[in-house]
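Fit chain B to the given chain A structure using the hints.
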Amino acid sequence: MSALPLAFLSPWLLAALLALPALWLLLRIVPPRPRRVDFPPLRLLLDVTAKRETPVRTPWWLLLLRLAIAALIIIALARPIWNPAAATSNESGPLLVVVDNGWASAPDWGARTAAADAAISAAGDAGRPVALVATAEPPRDIALTTAGEARERLRVLAPEPLMPERTPLLAPIRKLLAGNPTTEALWISDGLAGGEARAFAEGLKRELGGGRLSVRVDAAHSARALVAAENAPAALTVKALRAEAAGREPFRVRATDLRGRPLADAEGAFAVGARDATATFDLPVELRNDVARLEIVGARSAGAVQLLDQRSKRRTVGLVTGATADVAQPLLSPTYYVSRALKPFADVREASGQGASQAVERFVSEKLPVIILADVGALTQEAHEALAGWLRNGGVLIRFAGPRLAGAPDDDLSPVRLRQGGRVLGGALAWETPQPLASFSPNGPFAPLVVPNDVTVSRQVLAEPDADLPERVWATLGDGTPLVTGAREGKGLSVLFHVTSDTRWSNLPLSGAFVDMLRRIVDLAGSSPAAAPDAAATTPAAARRPALPPTRTLDGYGAFRSPPATARPAPAEGRPAATPDNPPGFYGPVDAGVAINALPADASLARLDLAGLDASVAQIATEEPTPIAPWLLTLAALAAIVDSLVVFLLGGGAALLTRRPRAAAILVAAIGVSLLAAPGVVRAEPAGRDPIDERFALEATLSTRLAYVATGDFEVDRISKAGLEGLSQTLGQRTALEPGAPMAVDPAKDELSFFPLLYWPVVQGAPTPSPEALARIDAYMKQGGTILFDTRDALTSGPGVQNETLKRLLGGLDVPALEKAPPDHVLTKAFYLLNDFPGRYSGSPLWVEALPPVEEGEERPARAGDGVSPILITGADFAGAWAVGANGEPLFPTSSDERQREMAYRVGVNIVMYTLTGNYKADQVHVPALLERLGQ
Amino acid sequence: MAVRAELVDSSAVRIASRHEEAALDLAGSLPRLLVAARRASATVVHGLHGRRRSGVGENFWQFRRFTAGDAPGRIDWRRSARDEHLYVREQEWEAAHTVWIWIDRSRSMAFRSSLAPLPKIERAVVLGLALADLLVRGGERVGLLGLSRPTASRLAIERLAQALAYAPDDAGHLPPAAIPIARLAEAVVIGDLLAPEDEIASAVASLAGRGGRGHLVMIADPAEETFPFWGRTEFVDPDGGVSLIAGRAEEWRAGYEERLTRHRAAVADIARRHGWSFIVHRTDRPATEALLGLHAQLGEAAQ
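First to last, the sequence lines map onto chains A and B.
Here the working numbering is used: position 561 in the first sequence is 561, and no number is missing along the way.
Here the working numbering is used: position 283 in the second sequence is 283, and no number is missing along the way.
Derived from the structure by calculation, the hints contain no laboratory data.
These numbers were taken from a predicted model, which means no experiment stands behind them.
Hints are all accurate, no fakes.
Label-pair distances were calculated between CB atoms; the ranges are:
| id | chain 1 | residue 1 | chain 2 | residue 2 | range |
| --- | --- | --- | --- | --- | --- |
| 1 | B | Arg262 | A | Pro59 | 33 to 41 Å |
| 2 | A | Ala637 | B | Asp284 | 43 to 51 Å |
| 3 | A | Ala637 | B | Ala167 | 47 to 55 Å |
| 4 | B | Val242 | A | Ala637 | 38 to 46 Å |
| 5 | A | Ala68 | B | Tyr166 | 53 to 61 Å |
| 6 | B | Ser153 | A | Leu46 | 40 to 48 Å |
| 7 | A | Leu46 | B | Ser202 | 16 to 24 Å |
| 8 | A | Ala637 | B | Arg262 | 49 to 57 Å |
| 9 | B | Glu258 | A | Pro59 | 27 to 35 Å |
| 10 | B | Ala167 | A | Trp60 | 48 to 56 Å |
| 11 | B | Tyr166 | A | Trp60 | 53 to 61 Å |
Think of the CB as a built atom: it goes at the ideal place given N, C-alpha and C, for glycine as much as any other residue.
Chain A on its own, in the form it takes in the complex:
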């Protein structure tokens, strides 16, 4: 096993190779199978006595092939392994296996577990107890177990997305070693200096005393990490780290959004000798704001993933100033300090060459999430309204005071009511000295900030001391007057700095706190007002956000998973790096959550230096141990196939094929057909769709037709057909519509959309249509079709729809609210003027979709809703009244006289006209008014 990276798990099986010579002899002795030949003159042959009977030998190459097959199988059974994990020494004491399972172990976790597994197996074979410790897990008592249990534990061990904390492990290790002084230790290290690796190694050696310490580190190529993703003004940058100052090494960083869709790839390269490198995404701001995750392609580790949250999104801030001619002296411009302070984390758009009101209107129409008004007094009415609406819809408005604001009337866009006029402190006429910034309100967004002691305010605007003032104050001066106030307006947020945005009233814009304060306010904004930040984020009272529960966290390999049970809510301001309680991932709601990364932004990686330590250091095999038995067995199988082919050919098999060309041709054809058949079947699949019956469709559409639903009751269907024929004749005689012969349809089967009107006689006790049929009927009604249900029971039923069958039928449909057709319904005027809707029986109301209520004071001769009522219900037996025989004679008497039949025809004509023309007639009543307006 020295030269080749090859080992056998069951080496004793190789002893079977000794049997190969015996097999060789056996194969030599056993002759090949004789060729079988039919031979009629056998009797003559039987009389011949052969001189010598020496069998033909198996050819030497066939012999060799068979021996090779046997050897391959024997070697495969010995379970050879390519790149085996090196074994530990053979001592008798217990074995302590320490496995680093931090993020840096993830890329080659398989090799690590294999190394640990090999060591544990070897210890198990030697009968040594084993203790297994994973460094990224919280320290706990270590117990010696059998090798089998340790392997079970090792199998469930997975890399954690953390930098392991190793020194706390020393205490339980010490406890273990106190009981087992002969322990030998094996540390499979991730090779990084982080996590006090050196200290741990020294401590371990110290605890072991005379015991042997073996350390396995991975080969030169250790884990890579990503840190410090920054959404800079120009581009999104991220820093990649490596532990060793090696040669040039390119890498690729991929940016994906929250849903995991890749947005862009960026190339980067470690320079020679450099341990960090920067990758830059040159993307539009909108795309950059969508980036939620950066990862080194192929790194497979939580450390190589950088998550970006709301805070790293760049927001566009509109900056409006009331001053006009400040451009010549930029340092005096009210916007200079604000834009400088915003630049690191937001894109600033300044209004140039426009009045404040136009600028506000433009920014609002551009849907910027944040607008800053630097000393803007009065706005025009339109601009004010636009701004107020934008604010209510979730905009964040930041105002700075100044002479113009102080002089302007209160415009209810400020969080507090202001007193007119500014207050001057420390001036010649003032009583008091300039006031320092005293405190940030604990319930404001500035609460986590440190109060700077160098800010002084010499002038400010004062708020009226309203009852709700205290809770709107975010920052106060030394005398308790508010410096910054904020209030929620609708979904938006209005913030007022009671000082100017330049240095005239205070030196706040010069301080670092100013940047932090602006950043905190801008962070509260959504990326646009449409994506409104939720109430928790914008309500000042709730601005000190509660701890955020984990939403999605990373596992050690850098893949998202649902948070483990051990994950705890993270503080609202996030953490610089992951902890065991807060594994890397997203915390809190999707839009306002924070992201925690595995490594702090200022992290750097270094190689673990074990120089001077009394330990045997070896490398983890970077290539995973590969069992090669399957390959050997495959090879043996192939050789066996070759062998049988050879035997076949030697026995005259080829001639068998050539002599039967037809059989061979059939074989080839069968193979070809089977190859072709598979795609054929796949192609045939889409043809299985249920197509519309073409003949039915042509018949139904080549002329407009009335249709009735075939109920299955022969008599009823006959009447329906005769009735619709009669109505079709009447329509052809009296109107411009000449319908074709009526058709019977089955709603479960036929396409209904060809027919404007469907006559549906309700047969008592008819079965309810299947859900599919109901869905088709529903779709037909929704898409503009009209169904005329005729219960034909006006003589027997009372008022209202009482027909049980109909109720059952309609129960499965989405039926709109119904009403009896009112006298002004357009149905009464669609062709004829009608007062009621008689059929064979009179007195049955016609139910239609309820019209919207009449508006007060409107006098209209006809009303109609939008479109046509999808459902009409009657009990008057229309078809019975319309039904005509072959010679045009009526088939059934009506309940009174022939005049009622005429009225029934008129009702039918009106219904058909109504379904075909919709509310056209209702609109036509306006014609006189329209003509009058046109001046004719």
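This is chain B only, laid out in the frame that chain A set:
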């Protein structure tokens, strides 16, 4: 590549119209065959085909002037009434010879090696039918021994082929012993004649029991003659389940060839003893050879 040798599927060697066609093709290449008159002269079976001379027969041959010595009863009065002479009506001399053909249809006849273009049975049937056609055209009566009655019909070849096709399977290697042929009839035995010599001898003796003449035609596959096998080979008897495994087949060749020569010599001797002829025909040779041989033996030219 080794010589292959096996039995052809029985359905493939079924007697079919192709045999007739092949036989007709073959027979068409030879003149019609008249069995030597020497042997037919005293035949009493008559009425089938004229000898192109006057004699005893059914068919009219010619009118001849009445000559003295003719029986008055032979005068044809109708003819004689037409002129002043008396005429005697002469019939054509009709005499037919019966040739019995027997074709070995045992399983071993289906043998074919890769050296031969077709199995032995194929050659045997074609040869037999062609011979029948030649004979029928020559006016002889031909029958299949044990299968059909002799016929001189022009359709004889079809009848014979049908009789062969519908005949029950016959595993015998030799003609049935129970049917001796008539004294002046001839027998043609076509087969591989691989049966033991004494069986052949008794069969020929029984056929020739009444003094009938005969011809033995031995159809042999080239592989049976040259024994082109080598290596470990298992030889299987097609009729019985007997098999023989030869470790080195090539070492058996000399012994086999010697044995085969002895066998043929024995058969030839049997034929000679009964005055029969003996022809060996190899299936890789053209069928015409065998037919010509038979023609020579049967025909008048052989006298």
